[in-house]
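**Q** Take a look at the letters that make up each chain.
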Amino acid sequence: MRLSTPLVIAALMLLVTDDVMGQRRRRFPARPQPTEAARPAPAPEVAEKKKVEHWLAVTGGDVYLGTGQLVRRATVLIGDDKIHAVGHDLDIPEGATVIDATGKVVAPGFVAVKAAGMGAPRSNDGKVADSLNPYDPSIKMGLAAGVTSWLMTFDQGTDKPGGKSAVLKLAYGDLDGMVVAENSVYSMRVPLTPGQWEALRDNVKKAKEHLEKERAERSGDKPATPAAATPASAGGEAGRGSRSGGRARPGSGGASGAPKGTEEILAVMRGEAVLWVTCQRSFDNRAIHQALDVAALLGQGVVLDNPITAWCLPDEIAETGSMAILNPRERSAPDPTHPDTTGSNIAAAAILSRAGVAVAVTPPGGRFGGATLGTGGILGQDLHTLHLDAAYAVRGGLDNRKALRAITLDAAKIIGAEARVGSLEVGKDADLLILDGDPLHYRTFVETAVVNGKVVYEKDKEPFYRHIQR
Amino acid sequence: MTLGTRLTQTVVSWIAVTCGGLAAQERPVAIQNARVLTMTGETLESATVLLRGGSIEAVGADVEIPAGAEIVDAQGGTLMPGLVSAYSRAGVTAPPQQDTSEPAERRGRFRGRGRGGSGSSAASNKAAAKVSDALYARQDVFGDLLECGVTTLAVTPEGPGFPGQGAVLDPAGKTREALTVDDEAFVLLSAATGTKNKELIKDGLEKAQKAVEERKKPKTPEKPAEEKKPEAKKTEAKAPEAEGKTGEKPPAKEGEKPPVKEGEKKEGDEKSEEKKPQPPQPARPAKKDPNIEVLADVLEGKRRAFLLVTSASDLAHFKGAIGKSEFPKRTLIAPGYSSTNGRLDEVLDQLEPFKGTILTSPTLTSPAYSEALVNPAAALVAAGYDVGFILGDSKRDVRDLFFKLMELVRHGLDRDAALAGVTLVPAKALGIDDRVGSIAEGKDADLLLFDRDPLDPAAKLVRVWHKGGTVGKERTE
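Taken in sequence, the protein lines are chains A and B. Per numbering that gives the first Met the number 0, residue 0 is the first one in the first sequence, and the count goes up by one each step. Per numbering that gives the first Met the number 0, residue 0 is the first one in the second sequence, and the count goes up by one each step.
If you're looking for bench data, these hints aren't it; they were derived computationally from the structure. Since we're looking at a predicted model, the values are computed, not measured. Heads up, the beta-carbon is just placed ideally off N, CA and C, and yes, glycines get one too. Don't take every hint at face value.
Said to hold, decoys possible - Here are the computed lysine-lysine pairs in the DSSO-like style, where the Cα-Cα straight-line distance is at most 27 Å: (1) A:Lys126 with B:Lys323; (2) B:Lys318 with A:Lys453; (3) A:Lys50 with B:Lys323; (4) B:Lys318 with A:Lys81; (5) B:Lys301 with B:Lys216; (6) B:Lys216 with A:Lys49; (7) A:Lys453 with B:Lys323; (8) A:Lys126 with B:Lys318.
Claimed, not checked - Calculated Cβ distances over 12 Å to all of chain A for the following chain B residues: (9) Ala66; (10) Val180; (11) Lys195; (12) Gln208; (13) Ala311.
Start from the sequences and build out the full structure, keeping to the hints where you can.
**A** See the structure below:
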């Protein structure tokens with residue numbers, strides 16, 4: 000046989016079978032994805048259900064849906080304050096406002112899982128909605144950084160799940176449109192003393208019994224979804240599997256008769272809230288194990304709040320269906336005296352993501368300390384913006400699309416608001432950004448920000464970046 | 000005033016005279032060669048104003064001067080109406096209902112801002128409380144303000160929700176009775192954020208709305224005493240409001256209560272007819288919350304409301320709290336400009352339902368993150384509001400008033416609007432523009448004489464007349 004024939008055949012075979020993504024998949028096998036049924040489906044087409052008063056169409060841009068998909072040169076059609084349709088050749092109704100985004104990038108509004116200011120009330124008094132300031136100028140700063148929704152926390156939880164939080168939107172000037180949800184996040188801290196563990200186990204038991212009672216009373220209404228079932232629903236979007244089952248259920252009646260001290264746990268188990276676990280001191284492996292024990296106790300995933308050494312235990316975290324909030328830029332040196340591996344790793348987000356853990360990124364502390372999106376400082380010069388931290392995660396090896404999810408859909412999941420924000424899917428809130436470049440590039444600016452279907456920020460009308468023309 | 004006091008005052012006034020001298024009340028005063036800013040009509044270039052008996056008797060170019068009149072030659076200076084300070088805390092010491100644990104300096108107008116909660120005072124409905132009940136008459140501040148030209152002063156209560164009713168004062172009065180001209184001049188509604196405050200406002204207005212509807216119900220003729228029940232059904236809902244009642248029931252209100260109560264009691268009777276008739280008890284008047292009654296008056300337009308809304312954020316919360324309530328006689332008060340909570344001139348379309356008179360600060364301000372100067376007063380005038388100015392609480396604030404007005408005019412405010420904003424418009428805001436705020440026949444003789452145009456930087460306030468009498472000494476330096 001001639002030498003060239005096998006070569007030609009080999010070349011042809013390579014051409015046919017060269018599948019880079021396939022190779023990636025074989026090398027890093029992803030966890031089995033949960034079936035479509037387990038995923039919380041966004042609301043069905045809203046088209047004919049409600050009469051829309053005002054249409055807004057953003058045409059011609061490259062649309063990142065926030066789920067990881069990119070649709071090039073597409074149109075986003077917004078009806079009032081919800082996304083009506085995304086795609087090509089859409090039928091734009093008469094009288095719609097059209098924003099031409101040709102050559103630009105359209106992305107969902109970013110979700111800041113930790114932030115401060117931006118219209119939030121300064122004191123903890125009554126309902127959050129009654130003390131908001133919709134004209135706070137730092138709302139515009141947040142919009143200039145691309146943030147459209149964020150989680151505000153008042154009290155940190157203690158050894159029991161608790162605390163007060165609210166998901167707020169940067170709907171400048173629109174008081175009613177600012178609150179998305181109240182208390183969708185409860186938090187607690189580890190490590191716990193044996194006594195506190197005992198108390199927690201007790202409360203979880205009571206909560207489970209209460210839920211069983213409720214389910215027994217309602218048996219026959221719906222097929223019981225295993226909301227509190229085994230945590231081994233490991234999967235790519237692991238946290239969704241078990242929790243979404245709970246959330247797909249209709250809001251299970253009032254917590255009448257709920258045992259004292261279990262309201263928050265019940266909310267978490269029903270899928271109405273997300274539990275964040277944070278560590279008092281540095282989040283090392285022992286603390287992570289404690290947090291995962293909490294998850295095992297509850298029977299569903301929790302959110303690890305800045306676990307520095309999570310990159311050491313990706314599989315264990317994924318197994319419980321937990322999620323993580325990371326600061327890719329934060330660097331802490333390893334401690335040689337510590338028996339476990341310690342220290343941060345810029346590849347943490349990539350490692351966790353590959354194991355199937357949903358990850359959100361947040362900037363490290365600015366001049367105010369703590370890992371919050373500082374809207375103080377000189378915006379743009381201290382680079383404390385979300386998309387740059389996602390870019391750092393990419394530098395560590397995280398996939399580009401996953402990095403965008405870390406500030407959109409996965410971040411929305413972590414704050415418990417993925418039913419309304421985080422991606423440009425039909426039926427979700429119309430919060431989007433028109434960017435003048437790739438969302439994760441440092442030179443990219445937000446040109447227009449739309450929240451609840453209204454334009455609330457335009458770069459050339461606000462004093463922050465008006466002077467920078469490219 | 001008693002005869003003795005009056006006699007003493009007249010004697011003292013004659014004795015204490017130096018140059019110029021205090022004119023006795025009866026002696027007419029004729030001010031000649033003055034440029035008169037009437038506020039309601041044309042500016043008269045060289046006219047004479049005749050004052051007699053505490054009022055302006057005549058204004059014009061050729062006014063007959065009666066014999067024995069004191070003649071004042073204005074030498075071309077400008078005569079304008081006395082300043083009307085329609086929203087002030089001057090002289091208000093600790094009102095009994097308010098929380099006095101806060102240091103006095105902080106009990107300023109902006110106390111509630113910046114805080115999400117209700118602040119230190121437990122918010123309750125005190126609409127019937129009167130700020131004039133807490134006034135101490137012998138304070139220097141009243142005389143000081145009068146010397147600076149403030150001939151009409153209105154003081155306001157303070158606090159979130161419904162802190163009470165403001166009063167119009169005569170700054171020359173030396174006793175509480177002489178000082179207080181109208182102790183129920185306006186009802187203050189203070190917008191506030193925070194669940195407690197908003198609930199308070201919502202609750203109060205809802206109850207007032209119900210009271211208004213009940214007043215509209217026709218009154219049925221009085222039934223025999225046996226069937227009268229001690230308490231009508233509807234007032235039971237108001238009984239819990241009793242804790243909000245203050246000890247001071249406005250005595251003037253008693254008169255108007257009985258006819259309304261009759262109608263209410265009839266409702267109760269008709270409903271409870273099927274009940275067993277109780278043994279006849281002495282007919283007790285049905286308890287009505289005076290605070291709610293005051294608010295009901297406001298909703299009907301019988302009383303004037305001052306709506307205190309300091310920022311756009313407050314406005315948004317306020318609209319949520321008041322629901323559909325409307326205030327037929329209202330003035331909007333917007334002291335200070337907030338750069339962190341939004342300015343009212345940035346949300347003019349949301350301000351539409353409150354269109355009318357607005358009292359605001361005579362200052363320029365800067366937007367957030369900027370050093371540029373903006374003139375909110377000019378923007379409001381351009382949008383069609385009658386803009387009046389808040390003069391301030393002390394002599395220091397009022398002395399600089401004309402410099403502040405100059406600055407506003409320099410940045411685009413109309414001159415006439417600037418001067419009307421410290422005279423006629425605040426008088427309109429209080430509903431007393433039939434008496435003060437302009438120079439015309441029949442108005443009170445409250446005048447300011449400047450040696451040149453008041454908005455000229457070198458202008459001096461030469462003389463102040465209050466009810467026809469000169470205030471203090473005539474300034475000749």
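**Q** Next step is simple, just say for each hint if it's right about the structure.
**A** Results for each hint:
Among the hinted pairs, Lys126 (chain A) with Lys323 (chain B) is consistent with the structure: their alpha-carbon atoms are about 22 Å apart, no more than 27 Å. About 21 Å separates the Cα atoms of Lys318 (chain B) and Lys453 (chain A), which keeps this hinted pair within 27 Å; it holds. Proposed proximity of Lys50 (chain A) and Lys323 (chain B) is supported: the alpha carbons are some 25 Å apart, at most 27 Å. For the hint pairing Lys318 (chain B) with Lys81 (chain A), the CA-to-CA distance comes to about 25 Å; that is within 27 Å, so the pair holds.
Between Lys301 (chain B) and Lys216 (chain B) the CA atoms are separated by roughly 17 Å; this keeps the pair inside 27 Å, and the hint holds. A hinted pair counts as satisfied when its Cα atoms are at most 27 Å apart, and Lys216 (chain B) with Lys49 (chain A) does not qualify at roughly 41 Å. In summary, the hint linking Lys453 (chain A) to Lys323 (chain B) is supported, as the alpha carbons are separated by about 25 Å, within the 27 Å threshold. Restraint check for Lys126 (chain A) and Lys318 (chain B): the C-alpha separation of about 17 Å stays at or below 27 Å, so the hint holds.
Look at Ala66 (chain B): its CB is around 64 Å from the nearest CB on chain A, clear of 12 Å, so calling it non-interface holds up. Under the 12 Å C-beta cut-off, the non-interface status given to Val180 (chain B) relative to chain A holds; the minimum distance is some 38 Å. At the 12 Å boundary, the C-beta of Lys195 (chain B) falls inside the reach of chain A, the nearest C-beta of that chain being 6 Å off. Distance check on Gln208 (chain B): its Cβ is at least 21 Å (rounded) from any Cβ of chain A, clearing the 12 Å threshold; non-interface status holds.
Look at Ala311 (chain B): its CB is around 5 Å from the nearest CB on chain A, not clear of 12 Å, so calling it non-interface is violated.
The structure fails hints 6, 11 and 13 (numbered hints given earlier, in ascending order).
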